[in-house]
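*Asks:* The chain contents come next:
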Amino acid sequence: MQANFLNTNQIMRQVIYALVLGVGAQIYFFGLSVLIQILLGCITAVAAEAIFLRLRGQTIKPSISDGSAVLTAILLAISIPSIAPWWVIVLGVLFAIIFGKQIFGGLGNNPFNPAMLGYAFLLISYPLQMTQWPSEFISITHASETIFGLSSIDGLTGATKLDYVKTQLMMGASIKEIGSISVSQLWINIGFLVGGIYLLFRRVILWQIPISLLSGVVAMSSILFLMDSNHYASSIFHLLSGATMLAAFFIATDPVSASTTPLGRIIYGFLIGILIVIIRVYGGYPDAVAFAVLLLNITVPLIDFYTQPKVLGK
Amino acid sequence: MPNSNFKGGLKIENPYPSNEIDLIRIPLPDKVVLPMQQRIGNQAIPCVSIGEHVLTGQIIATIDDDRCAPVHASISGTVTAIGNHVYAHQSGLKGLCVTIESDGKDEWVDTSIGCTENYKACLPLTIYDKIRISGIVGMGGAGFPTHTKMRLARGCKNIIINATECEPGITCDAALMQAYPTKVIRGVEVLLHIIGAEKAIIAIEDDKQDSINELNKYCNNERIEIKVIPTKYTSGAEKILIKTLLGIQVPSGKFASDVGILCLNVATVVAMFDAVVENRPLISRAVTLAGSAIKEPKNFQVRLGATYDYLLSFVDLEEGSHKVTMAGLMMGINLKGTDYSVSKNTNCIFIDKAQESVVAQECIRCGMCNTVCPVELLPQQLYWFSKSENIEKAMDYNLLDCIECGCCSYVCPSNIPLVDYYQFSKALYKKQTQEKAQIEKARERFEFREMRLERNKSERAALMEAKKIALKEKMAKDRSQKEKIDAALERVNAAKIDNMEEDAS
Amino acid sequence: MINAISTLSVLALLFGLGLGYAAIRFKVKGNPLVDQIDAILPQTQCGQCDFPGCKPYAEAIAKGEAEINQCPPGGQDGVDALADLLGVETLPLDQEHGEIKPKRVAVVDEKVCIGCTLCIQACPVDAFVGSSKVMTQVIADECTGCDLCLPVCPVDCIDMIEIKPTIKTYVPTLKELVHA
Chain G
6 MQANFLNTNQ IMRQVIYALV LGVGAQIYFF GLSVLIQILL GCITAVAAEA
56 IFLRLRGQTI KPSISDGSAV LTAILLAISI PSIAPWWVIV LGVLFAIIFG
106 KQIFGGLGNN PFNPAMLGYA FLLISYPLQM TQWPSEFISI THASETIFGL
156 SSIDGLTGAT KLDYVKTQLM MGASIKEIGS ISVSQLWINI GFLVGGIYLL
206 FRRVILWQIP ISLLSGVVAM SSILFLMDSN HYASSIFHLL SGATMLAAFF
256 IATDPVSAST TPLGRIIYGF LIGILIVIIR VYGGYPDAVA FAVLLLNITV
306 PLIDFYTQPK VLGK
Chain A
59 MPNSNFKGGL KIENPYPSNE IDLIRIPLPD KVVLPMQQRI GNQAIPCVSI
109 GEHVLTGQII ATIDDDRCAP VHASISGTVT AIGNHVYAHQ SGLKGLCVTI
159 ESDGKDEWVD TSIGCTENYK ACLPLTIYDK IRISGIVGMG GAGFPTHTKM
209 RLARGCKNII INATECEPGI TCDAALMQAY PTKVIRGVEV LLHIIGAEKA
259 IIAIEDDKQD SINELNKYCN NERIEIKVIP TKYTSGAEKI LIKTLLGIQV
309 PSGKFASDVG ILCLNVATVV AMFDAVVENR PLISRAVTLA GSAIKEPKNF
359 QVRLGATYDY LLSFVDLEEG SHKVTMAGLM MGINLKGTDY SVSKNTNCIF
409 IDKAQESVVA QECIRCGMCN TVCPVELLPQ QLYWFSKSEN IEKAMDYNLL
459 DCIECGCCSY VCPSNIPLVD YYQFSKALYK KQTQEKAQIE KARERFEFRE
509 MRLERNKSER AALMEAKKIA LKEKMAKDRS QKEKIDAALE RVNAAKIDNM
559 EEDAS
Chain H
9 MINAISTLSV LALLFGLGLG YAAIRFKVKG NPLVDQIDAI LPQTQCGQCD
59 FPGCKPYAEA IAKGEAEINQ CPPGGQDGVD ALADLLGVET LPLDQEHGEI
109 KPKRVAVVDE KVCIGCTLCI QACPVDAFVG SSKVMTQVIA DECTGCDLCL
159 PVCPVDCIDM IEIKPTIKTY VPTLKELVHA
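Respectively, the protein sequence lines represent chains G, A and H. So the first sequence is residues 6 to 319, counted in this note's numbering. So the second sequence is residues 59 to 563, counted in this note's numbering. So the third sequence is residues 9 to 188, counted in this note's numbering.
Next up, chain G with everything else stripped away, as it sits in the complex:
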């Protein structure tokens, strides 16, 4: 009977396919190292989920084959620096699967976005490894050696453009002096944007969250930019830097942890967008997606309660 509509496994797979363009851009600019992270992450995710399902007394095959653990691992793997040591992704995925999903009862029961929970854990516990981003294309051999601890990474890393802009602003430079969006960030974000539009067309995700999230980013950054264009970056910058597009189409749209009513989704997405800009500008970390999403995850039951649509006849 479900002929025209996708089932859960197909939904997860479509999301994974839609990530290809953005990941491709990452590979183009920074090398194949991200694939190593993805591979490590997936193996850890499947193993962790299998062990935990066995501990919980559930059957393993149906739950693993729905692809949600693999999706979590991939999202986390592309959010961290691609030359981070191997244990970073492993610990992150372990935390995400165990504390972000399994202890709540598995798929469908988690209140927080697992990938973002893992990212937040990593960022707070290992700030050094999480802020050393590759600044140029790194060959696969060099990357593998770095990831597995066989050689150092000096001279290869730097801050992201967001981080750079933030520190420069703190040091008093003005926006005009710092310069515009980095090319790599631009193309990576465009890759995710195209993937996201594909998902919208295939009706895998609904329009409310991506559109409202991007609107929130634009709204908040425009307000700040109009107040003082010297010290606040423009909307375009915020839209096309960091993980904005990834957040809008892939992270905030995780149906399990997002709001469920149409109006609720709009509020949820919009507030995430606003928080992303606020934390970027005033918070202590360069990118804000993880914290913004997690904070809004907490408010989802409240949003859902107050945005119940009117029933026919009441």
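In short, the hints are calculated from the structure, not lab data. Any given hint could turn out to be false.
Which chain H residues face chain A? A few, computed with CB under 10 angstroms, are given here [claimed, not checked]: (1) Gln53; (2) Cys131; (3) Thr152; (4) Thr174; (5) Val179.
Keep in mind the model is a prediction, meaning the values are calculated, not measured. Beta carbons: idealized from backbone N, C-alpha and C, even for Gly.
We have chain G already, so just place chains A and H on it with the hints.
*Replies:* Coordinates of chains A and H only, in the frame set by chain G:
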């Protein structure tokens, strides 16, 4: 002009399309098995005995409440059994049925007495009674007794005839309209007269072009409008239809008659016409037979109580194991085997090739179900509450307004049988409410009994007290008498002694 | 330092006054806990819990003198509901007090009844109709299935009949759905 399209619902393609829709008349069945428990109301009580000879149209079971209608013999013959037989119900439980073996003659009861063509001269109450005595209930599936519905709808301004047949795959109403368009129109005219309404709207979906043409051909009454609405599943749900056609929202918990509207299924109208004008009670109906295991979908006019196997003998059935569904793909129930009989609300029987049952996965909170609910409920929330048996919260989210249309289960990516969960929680709510009422009653009776025993005890004690006091008083009275006597005796004695002393000196 | 102490002291004083006022103004009369517990109990008044009725058992639970799992007619659902109400861990039903039986009602065998009225006196909810030397029968709607009439009948003419689910009273169980 109200919007002809409503929020929610689904456009579903007919899974069993056919080129021609014909109402095929089949020979009389050899036996009929008539169920006594109809969809609503108390069980009907058989008024015939085994071995008795009955005529077609004779009442064989009477009812004692207003929420169902009497049962009639659908063929003439001998009553061979009054016993338990499995019902076409998802519980698989058995219930009382009357079995009649046909004598092949189809002898009718006397159909000359009644309102006939001169129904306009009859009182409305007479006609209601005729409808009741003819056993007419809603034939669209709900089975609500028509006479009660019409009585509650007295004074309605608008009548809606539901000819939408929105559930995909069912075509019995379309076949009926193409076969008897005049009966439909004249039936509506009878309705208009009885109810005293201003106008009637026959609502029909735009995929039934042949039926629309036939009805238009025979309808030349200004008070009857044939309104074509877009084909979309649940357009035929009563409250949705009323909103679509007239823009009126029936408040939750109330009925269409409360807002001045009477809504009847088109097959019910035809049955009502037969009862009022031709004095024939409800003894047959149109049934759609279709499915992936049946070569061509067909519509049969069949006597009530005929077995499914009898019907299936008229179609090309593929060999192999089958999945049997009654009453539609969306709102129907799965049955085991085919050992059932046609009842008043059997509108279709689908026989599909047996497929592997799909395993349900976890709910991923995608919210697709919320977007398709035609009553604008939140199926996802109702699912979570039903799963945790939190009936209170489910009621807060308007559980009882769910029309169990199945749109939500249809779109669920995890194949969760959502409607089953809502049926479960509705049944649980009904059970809990009844249990609470019973517990309250038991507590009241217990407390009254305690009070009664206390009262008995204190009455006895009071009685004892009163008796004691009476006795004491009596004793006291006796004492004063005794004292008087003693005093008198003393005086007498004293007097005697005085006398004796006088004598001595 | 002085600032901190004085601020906290003032706050403590204010909150204390507020709480005191609330304790008096919003004081709840009576002992609603006993009533709440009694509302959950099935009112069978059968005594299987070792207390002479449901209200005494409710009072004992409220005082902490009895466990919550002593009521068989309430079933495991009843124990869980009590655990929920009191905010404690639920316990398995104590089988020593009796096994969980399906809902039953008493029926008097009319041919055997001698009209002694002992059953009428025994029934805690007055579900019997009858009198001395007159045949007695049970009002099925009022019978709670407590079994108290069975031992007192001198001619043993009372039977407990199980109420079977019919098509109208059928409630599917969640287990039947979960397999799907």
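*Asks:* The structure should be examined with respect to each hint, and the outcome stated for every one.
*Replies:* Hint-by-hint comparison with the structure:
| no. | hint | verdict |
| --- | --- | --- |
| 1 | Gln53 | holds (5 angstroms) |
| 2 | Cys131 | holds (8 angstroms) |
| 3 | Thr152 | holds (5 angstroms) |
| 4 | Thr174 | holds (7 angstroms) |
| 5 | Val179 | holds (4 angstroms) |
Violated hints: none; the structure is consistent with every hint.
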